[in-house]
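Protein chains in written order, with my numbering: chain A, 53 to 135; chain B, 1316 to 1464.
Some hints here could point you the wrong way.
[Said to hold, decoys possible] Straight line, CA to CA, 27 Å or less: simulated DSSO-like cross-link-like pairs of lysine-lysine:
#, chain 1, residue 1, chain 2, residue 2
1, A, Lys119, A, Lys103
2, A, Lys64, A, Lys103
3, B, Lys1376, A, Lys54
4, A, Lys119, B, Lys1376
Keep in mind that the hints were calculated from the coordinates and are not lab data.
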Amino acid sequence: MKILYFAWLREKIGVAEEEVSPPEEVETVGALIDWLRARGPGYQAALCNPKLVRCAIDQEFADADAKIMGAAEIALFPPVTGG
Amino acid sequence: MISRIVVGEADFDAGAELARLQGPGVGGIGTFIGLVRDDGGEIAALNLEHYPGMTERAVQKIIDQAVARWPLLACSVIHRVGRLLPGAQIVFVGAASAHREAALQASGFLIDWLKTSAPFWKREEFRAGGSAWVAAREGDDAAAAAWNE
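Okay, chain A solo, but in the shape it has when bound (with noise of 0.2 Å):
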């Protein structure tokens, strides 16, 4: 699956985008996130703090417990800020 990072979650992972094939026991955004974390110290500053990290499933608000199974995109970011 292709996922996306957006604003200073991307600036700490140091890329926008990558595709990722995590494994069958990785089933929800939450445990996306904590597999993610351990790739490295630039995803580990960008997820350390779940409290941060929003999510969207193919472009939809999903929450840490929505299922990942079937996605085509996900992207995490920080909380919104714009208007």
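Let chain A serve as the given structure and place chain B on it in line with the hints.
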């Protein structure tokens, strides 16, 4: 119901946007225009990033909610992205209805929900050098949530 969503770098003409909201049956138009603050001269620029593809969908959902709550005849959301200087226009929301209450309330709802439910992020560039991402404000979440109380 006519709705207009524009997300892009181009500036907007608030007068022209107001004119678009006029039409048969419209008796009042409520609007909000957001500008880049200079915070006492400290801010050199504001950089606005968004999630292309999702942004328009998220804005459409907010408009759909407003339309479900108030008898609107037309509705516009213009949101700029990119690098904006102090004083620049960032956002225009407008809601047209037969009467003022729906127009004013819907425009307030639209801006409160845009701040908390559309994928935009602001980074401030400081005149003294450096930059920082703007943190989300709890007050914004509270203002959006208050519409559902």
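Hinted pair Lys64/A and Lys103/A, Cα distance within 27 Å: It holds: about 16 Å lies between the C-alpha atoms, which stays within 27 Å.
Restraint check for Lys119/A with Lys1376/B, where alpha carbons must lie at most 27 Å apart: Holds, at about 22 Å.
Agreement of Lys119/A and Lys103/A with the hint, judged by alpha carbon distance not exceeding 27 Å: The given pair, whose Cα atoms are some 18 Å apart, holds under the 27 Å limit.
Restraint status (C-alpha distance of Lys1376/B to Lys54/A at most 27 Å): This hinted pair holds, its Cα atoms lying about 24 Å apart.
Hint check: no violations occur; every hint is consistent with the structure.
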